[in-house]
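Go by the hints and put chain R onto chain B.
Number of protein chains: 2
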Amino acid sequence: MLSKGNCIIGQSGGPTVAINASLSGVLQGIIESDAYNSVYGMVHGIEGLLQGSYLNLSEQFKTKESLDKLAITPSMYLGSCRFKLPHYEVAPEIYEILFNFFTSNDIRTVFYIGGNDSMDTVVKLSSYAKANNLSINIIGVPKTIDNDLPMTDHTPGFGSAAKFVATTMLEIAHDTYIYNIPSVTIVEIMGRNAGWLTASSALARTSYSNAPDLIYLPEAPFCLDSFVEDVKRIQKQRKNVIVAVSEGIKDKDGNYISATSTAVDAFGHKQLCGAGKTLENYLKDKLGCKVRSVELNVLQRSASHIASKTDIDESIMIGKAAVKSALEGKTAQMVCYHRMSNDPYYVDVVSHAIEDIANKEKVVPRMWINEAGNDVTEDMLTYLRPLIEGETVMGYANGVPVYCDITHLHTKTEQK
Amino acid sequence: MLSKGNCIIGQSGGPTVAINASLSGVLQGIIESDAYNSVYGMVHGIEGLLQGSYLNLSEQFKTKESLDKLAITPSMYLGSCRFKLPHYEVAPEIYEILFNFFTSNDIRTVFYIGGNDSMDTVVKLSSYAKANNLSINIIGVPKTIDNDLPMTDHTPGFGSAAKFVATTMLEIAHDTYIYNIPSVTIVEIMGRNAGWLTASSALARTSYSNAPDLIYLPEAPFCLDSFVEDVKRIQKQRKNVIVAVSEGIKDKDGNYISATSTAVDAFGHKQLCGAGKTLENYLKDKLGCKVRSVELNVLQRSASHIASKTDIDESIMIGKAAVKSALEGKTAQMVCYHRMSNDPYYVDVVSHAIEDIANKEKVVPRMWINEAGNDVTEDMLTYLRPLIEGETVMGYANGVPVYCDITHLHTKTEQK
Chain B
1 MLSKGNCIIG QSGGPTVAIN ASLSGVLQGI IESDAYNSVY GMVHGIEGLL QGSYLNLSEQ
61 FKTKESLDKL AITPSMYLGS CRFKLPHYEV APEIYEILFN FFTSNDIRTV FYIGGNDSMD
121 TVVKLSSYAK ANNLSINIIG VPKTIDNDLP MTDHTPGFGS AAKFVATTML EIAHDTYIYN
181 IPSVTIVEIM GRNAGWLTAS SALARTSYSN APDLIYLPEA PFCLDSFVED VKRIQKQRKN
241 VIVAVSEGIK DKDGNYISAT STAVDAFGHK QLCGAGKTLE NYLKDKLGCK VRSVELNVLQ
301 RSASHIASKT DIDESIMIGK AAVKSALEGK TAQMVCYHRM SNDPYYVDVV SHAIEDIANK
361 EKVVPRMWIN EAGNDVTEDM LTYLRPLIEG ETVMGYANGV PVYCDITHLH TKTEQK
Chain R
1 MLSKGNCIIG QSGGPTVAIN ASLSGVLQGI IESDAYNSVY GMVHGIEGLL QGSYLNLSEQ
61 FKTKESLDKL AITPSMYLGS CRFKLPHYEV APEIYEILFN FFTSNDIRTV FYIGGNDSMD
121 TVVKLSSYAK ANNLSINIIG VPKTIDNDLP MTDHTPGFGS AAKFVATTML EIAHDTYIYN
181 IPSVTIVEIM GRNAGWLTAS SALARTSYSN APDLIYLPEA PFCLDSFVED VKRIQKQRKN
241 VIVAVSEGIK DKDGNYISAT STAVDAFGHK QLCGAGKTLE NYLKDKLGCK VRSVELNVLQ
301 RSASHIASKT DIDESIMIGK AAVKSALEGK TAQMVCYHRM SNDPYYVDVV SHAIEDIANK
361 EKVVPRMWIN EAGNDVTEDM LTYLRPLIEG ETVMGYANGV PVYCDITHLH TKTEQK
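Residue numbers (full-length UniProt numbering), protein chains in the order written: chain B, 1 to 416; chain R, 1 to 416.
Extracted from the complex, chain B is given alone in its bound form (with noise of 0.2 angstroms):
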């Protein structure tokens, strides 16, 4: 049996709803193939492991209801860092540290979940290995709401996080059109880069509500004169006028909109405002009509009470995939959706090699933005649509969901 030999796997990066689905793929594929004896779960990362974190997940996660519970919880179980792995020519001795712990503990396979940044350690892991002749293979699983890495057709965590996005844009609709006053209001959405996200706020519409009435994402220049005409003219067919906008819209230059505006409270301490923010005070201005601001937050990466049962499921399969892809022997891989059809939509997992992914961000085709700017295409509602079908079965007890017991995360004494 010691012959089979161990495994590990990490979470790293910002929170999805969908990293733990992964994770219990992972654990559901080591199951069905019975190729490792013990499971560790690095805590918090990479960097927790430097410093001797880990659990034994194969006596955690060992009945279908464990491994179903910890698919619909959100954030990390594991825990998370932000945390680049140094070259390693500048700091061996990290690399010592963490091969001294692969070997001692007999680990075969390293998964690591995570988003561009994360890939950069399934990377440098990678290279270390091969050029030191180790027999180990670093395998990556992807993970962010912002769907920005490149080869992989979406991400796992994104149509949980579009179908909140989605849900709430139509919610607030709701919300929005009761009143007989003019109004405007601005939802800002995540994505400092990359417009996905935000573009997802466009599945709220409905046969009655056209909410957002315009849209802005990082990809296309944002113009503020050109803003204030674009809801004016909105203004002319109704009351209410909806935005969507992601935090990380730029002017031509590429300078961040938020950067240009400071609140001061009543401290005195200079607030530096959101682009949603930014922008009410901006239209407040000019228009002199109710204008409000609702900033989606974490809520957005962690509501699971919604996730997309498409997401999970996926997210479940890709995790199950990188199993596979480790035990065929692949390595310096990442696994990746590759959308077979449309209609009916199906999905396929396939690895790439780690280079073309790691450190690199897929942003919006212009394409799929409207020629103005302010607006997505036909063709990016056609690419999302399947991505949010569905809803979890969610359990609740006491009235708030059921999810996966984290009392190691946040203690103060850290286990081994």
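Check the hints yourself; a few may be wrong.
Identical chains share a label here; the pair holds if one copy fits it or two copies do between them.
Stated by the list, open to error - No more than 25 angstroms apart at the CA atoms, straight line, and that leaves these computed lysine-lysine pairs for BS3-like: (1) K84 with K62; (2) K84 with K239; (3) K290 with K130; (4) K286 with K236; (5) K290 with K84; (6) K362 with K4; (7) K236 with K84; (8) K362 with K84; (9) K284 with K362; (10) K250 with K362; (11) K250 with K64; (12) K130 with K360; (13) K324 with K130; (14) K64 with K360; (15) K330 with K284; (16) K330 with K362; (17) K232 with K84; (18) K309 with K69; (19) K84 with K252; (20) K4 with K324.
Keep in mind that the hints were calculated from the coordinates and are not lab data.
Showing chain R alone in chain B's frame:
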């Protein structure tokens, strides 16, 4: 048939997730009793009716399917207003317009669904009717996420808002605990003078998460120094501190803590924003660790996708009871929940004189806040728990919930 007469329904004040459930309940009560010929709906409340805006609801809501869909649609199907009726001695012409409409349309009952300020409309209309010996019943139906209406155990709409707050707080805990660095997260919850909704954040607590660690309501004087001490004390136990705070927290002299409180609405309320942001900035200076604030904003009053089934069912029930009250000849009354038993939880509907309710606020009793003023007591939790039970079975189409068509609310051309 004509002897049965007609009735009219209006909605007023701020949105909730259950105010259309009460509308659906009134409509169901009317259909079941067969006591009226036609049912009209004021569009944009009493203010809209003054401008001649109304709909015929009998034609639109005949089927069980349409009434069920209405019951889970957020915000006001009929639109809303924030309009304080002037006293009839000041503006008799307003009352003449309204009662001419009622008389010429054979309106026998006015159902008005709203909160504190809307109940003022019920008081004034019924006083006018009484003074002029007019045979028309005016019945108030409560609603508000603030839960601050006297005489009723709780208000329709509160349970759903509480469920959203508790669920979101739990999801924010999962989002917060992932990093291995100290942080403070401040969640700002609606409530100017009454802390009921902020208190409901305590329902997020599970066996593995104590979030929110600290809860501050407007009913207990807020002290910035004590707040910093409270946070420092929790930081000794865990890395990540999560705080729930009402938008309306005040210092011992009754001044709002929030950064900006200059704007004044139609009722003379100060428009608040930024208690959370204010505390965030204050703490950043004092602690030097990561501090962030999250404002739940309009989502807490419009997130029908996670409505409390208990709240929706009861809101339909109280709407039906309003019809029963009218048919019993009652007027100048509001229907109220009376909690018969907590275990098992069971409420009945009774009606109370509107004078005891309008323009009055039911705040959290001091004994349901702990002595230090930074948490709620077990009695509060016992009161709150039953209100968030269950989940609405939500239909989805194209990935988003299926709500009622509200085209009539946002078109530029007002319907008659």
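How the hints compare with the structure:
1. K84 with K62: Neither: 32 angstroms inside a copy, 62 angstroms across copies.
2. K84 with K239: Between copies only: 22 angstroms across, 49 angstroms inside.
3. K290 with K130: The answer is neither: 61 angstroms in one copy and 38 angstroms across copies each exceed 25 angstroms.
4. K286 with K236: within (16 angstroms within a copy, 49 angstroms between copies)
5. K290 with K84: between (44 angstroms within a copy, 19 angstroms between copies)
6. K362 with K4: Close neither inside one copy (38 angstroms) nor across copies (66 angstroms); limit 25 angstroms.
7. K236 with K84: Neither. Shortest intra-copy (50 angstroms) and inter-copy (29 angstroms) distances fail the 25 angstroms Cα cut-off.
8. K362 with K84: within (20 angstroms within a copy, 53 angstroms between copies)
9. K284 with K362: Intra 35 angstroms, inter 34 angstroms, cutoff 25 angstroms: neither.
10. K250 with K362: So K250 and K362 pass the 25 angstroms test inside one copy only (17 angstroms; across, 47 angstroms).
11. K250 with K64: neither (47 angstroms within a copy, 49 angstroms between copies)
12. K130 with K360: Only inside one copy: K130 and K360 sit 22 angstroms apart there, 74 angstroms across copies, limit 25 angstroms.
13. K324 with K130: within (20 angstroms within a copy, 79 angstroms between copies)
14. K64 with K360: Neither: 36 angstroms inside a chain and 53 angstroms across chains, both beyond 25 angstroms.
15. K330 with K284: neither (56 angstroms within a copy, 46 angstroms between copies)
16. K330 with K362: Classified as within; 24 angstroms inside a copy, 65 angstroms across copies.
17. K232 with K84: Intra 46 angstroms, inter 30 angstroms, cutoff 25 angstroms: neither.
18. K309 with K69: both (14 angstroms within a copy, 23 angstroms between copies)
19. K84 with K252: neither (31 angstroms within a copy, 47 angstroms between copies)
20. K4 with K324: Answer is within: at 15 angstroms inside a copy they meet the 25 angstroms cutoff, but 73 angstroms across does not.
Of the numbered hints stated above, those contradicted by the structure are hints 1, 3, 6, 7, 9, 11, 14, 15, 17, 19, listed in ascending order.
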